[in-house]
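Q: Each chain is listed here by its residues.
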Amino acid sequence: GQRGGVGNMAAPGGRSGAAEWGGFEDNVQGGGSAVIDMENMDDTSGSSFEDMGEMHQRMKEEEEEEAEGEAGAAEEEEDGEFLGVKGLRGQLGRQVADQMWQAGKRQASRAFSLYANIDILRPYFDVEPVQVRTRLLESMIPVKMINFPQKIAGELYGPLMLVFTLVAILLHGMKTSDTIIREGTLMGTAIGTCFGYWLGVSSFLYFLAYLCNAQITLVQMLSLLGYGLFGHCITLFVTYNIHFHSLFYIFWLGVGGLSTLRMVAVLLSRTVGHTQRLILCGTLAALHMLFLLYLHFAYHKVVEGILDTLEGPNMPPFQRVARDIPVVSNVVLNTTAKSVALTL
Amino acid sequence: FAGLADVSISEDIPVEGEITVPVGSRSPDEDYSTLDEPVKDTILRDLKAVGKKFVHVMYPKKSSALLRDWDLWGPLVLCVSLALMLQGGSADSKDDGGPQFAEVFVIIWFGAVVITLNSKLLGGTISFFQSLCVLGYCVLPLTVAMLVCRLVLLAGSGTISFIIRLIVVAAMFGWSTLASTAFLADSQPPNRKALVVYPISLFYFVISWMILTFTPQ
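If you're matching them up, the sequences are chains A and B in order.
Be aware that the first sequence starts at 1499, since it is given in the working numbering, and climbs by one per residue.
Be aware that the second sequence starts at 253, since it is given in the working numbering, and climbs by one per residue.
In short, the hints are calculated from the structure, not lab data.
This structure is a prediction, so every number in the text was calculated from the model and none was measured.
A virtual CB, placed ideally from N, CA and C, is assigned to each residue, including glycine.
Hints may contain errors.
[Said to hold, decoys possible] On the chain B side, residues computed to face chain A include the following (Cβ under 10 Å):
hint, residue
1, Leu299
2, Gly303
3, Leu319
4, Arg320
5, Ile359
6, Leu369
7, Leu373
8, Thr433
9, Ala434
10, Ala437
11, Arg444
12, Tyr450
[As the list claims (entries may be wrong)] Distance windows between CB atoms, simulated:
hint, chain 1, residue 1, chain 2, residue 2, range
13, A, Lys1649, B, Asp321, 43 to 49 Å
14, B, Ala446, A, Lys1649, 19 to 25 Å
15, B, Phe380, A, Ser1607, 18 to 24 Å
16, A, Gly1752, B, Ala301, 51 to 57 Å
17, A, Gly1686, B, Pro290, 42 to 48 Å
18, B, Leu418, A, Asn1711, 53 to 59 Å
19, A, Gly1694, B, Ala301, 39 to 45 Å
20, A, Phe1795, B, Leu430, 34 to 40 Å
21, B, Leu296, A, Lys1603, 40 to 46 Å
22, A, Ala1606, B, Ser333, 36 to 42 Å
[To be verified] Covered stretches of chain A, as calculated for chain B (at least 3 residues, CB under 8 Å):
hint, segment
23, 1625-1639
24, 1653-1663
Go ahead and model the full structure; you've got the sequences and the hints to work with.
A: And the structure:
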């Protein structure tokens, strides 16, 4: 016999929900009796919903009993008795509540397995360390062939690690320049800035790419921009420690420019049409370079440094009194950089 | 088609077998009986478990005790004490740039969650809470470093104290990273260990950085 559970619409025949929803069949009152047992009618003033758990428990127990070899007919008789005892009105309400319970449970478990399933992201983390290293190095090398669509690996491990590294470097920079954050914390600002840039600019560029008919998916865009942050990491790591403004500009143009060129070249290879290429790549280049500029200057106390770097190459480096790092390490680093600059 | 779906057992074959589930180390009876013991016993037992795990962290051998009976008491105690000690390393009076209690707390737990998710996504066989447990317990060397730094700073805050603090914090950072990779890296496929070790070292590096740059006011 078929053992569809109560409310299970899919099970054909037998005790399916559709059959029970009819409600006035023989199995309702058990044993084919045409007389409603009024004295056992239960006036359930409470929520039928609450009885659902109990009902399900009984259903489960009955199913377990059946699994041990009892015939299906016996179960139906028991059920009929059970339902007859609770009475007709309460039983209808229970059926409705039960349908809702089942539907709600199905939907919730479906939603949960869809969104909270970590396995959705698993394919994007399927990388080897060698591949990550190769991609990091490649992110600084602009490709020459822009007539053929370049391959972009849709991987999220490298970009995620780069964003976190950038957060760590930013924290270091903020601490050494004693940035005072009024609303919020240092850590929150650093995380918000880096993740906001990565996710926000990626989405914006994906939207632009959609408008400009470029062939790129969101994951690929995230991956491309994430690897482009490698140049930012290097630049900021060097220039937060050696406070040399002309050095920063060299790194900004050189390292930042290289990574931007690479991203631009890849996007160019995937876009057709001059106007579209101009819009997309121009936006990307502008945002990427400006972000590096912003990261350097916003978390760095710039007082008279700009004027100093404009004056000449034989300038003494801009001495900054970092509060947390003692003067020793700063002076050592700055004199080293100065001597290197002087010998060049 | 109905025949394919018919999985019922035919009536003439007797169904037999064991219904009881093989129990693990903790049967339900044992759990119920621990309700009756005095509170002191429970607390002492938990403290002993935590203490044993501390010892495992300080001398990281390849034992699975840390992984098997995970608990989050130790990480909580360490996190709270570290955050308390890092409190008040602030800049000028009104707006402090030093880490607040909540910041350290959030960094440690958020960082541990991210590393756990990362190691699971990379194909790790360890469970979520086991990984959190290991990462939390391996903050112990850094807490010790924080204590030492505070004591050194009591003596003075010149160049020598900075060098001492740098050496101590660097050593403890290495110890933490080694201890946690000894437990966590085994659960990964062998060629991907580096991918898991990097976020862990970054995490402990950030904490070490907060400890090193702490100056009391």
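Q: Against chain A, with CB atoms and a cut of 10 Å, does the hint on tyrosine 450 of chain B hold up?
A: holds, 6 Å
Q: Does arginine 320 of chain B pass the interface check with chain A, least Cβ-Cβ distance below 10 Å?
A: This hint is violated: arginine 320 of chain B lies away from chain A, its Cβ roughly 23 Å from the closest one there, beyond 10 Å.
Q: Given the range 43 to 49 Å, decide if the beta-carbon distance of lysine 1649 of chain A to aspartate 321 of chain B lies inside it.
A: holds, 47 Å
Q: Just to be sure I understand the hint, the distance between the Cβ atoms of leucine 296 of chain B and lysine 1603 of chain A should be within 40 to 46 Å; is that true here?
A: holds, 43 Å
Q: Does the Cβ distance between alanine 1606 of chain A and serine 333 of chain B fall inside 36 to 42 Å?
A: For serine 333 of chain B against alanine 1606 of chain A, whose Cβ atoms are near 40 Å apart, the range 36 to 42 Å holds.
Q: Does leucine 369 of chain B pass the interface hint, meaning its C-beta sits closer than 10 Å to a C-beta of chain A?
A: holds, 7 Å
Q: Grab the minimum C-beta distance from glycine 303 of chain B to chain A and call the hint holds if it beats 10 Å, violated otherwise.
A: Nearest chain A Cβ about 31 Å off; hint violated.
Q: Mind checking the CB of leucine 299 of chain B against every CB in chain A and telling me if the closest is under 10 Å?
A: violated, 32 Å
Q: Taking the CB of phenylalanine 380 of chain B and the CB of serine 1607 of chain A, does the distance hold inside 18 to 24 Å?
A: holds, 19 Å
Q: Given alanine 437 of chain B as an interface hint, is its Cβ closer than 10 Å to any Cβ of chain A?
A: violated, 13 Å
Q: Using the nearest Cβ pair, does leucine 319 of chain B come within less than 10 Å of chain A?
A: Violated. Min distance 20 Å.
Q: Tell me if isoleucine 359 of chain B is really an interface residue toward chain A, meaning its C-beta lies closer than 10 Å to one of theirs.
A: holds, 6 Å
Consistency note: the structure conflicts with the earlier hints numbered 1, 2, 3, 4, 8, 9 and 10.
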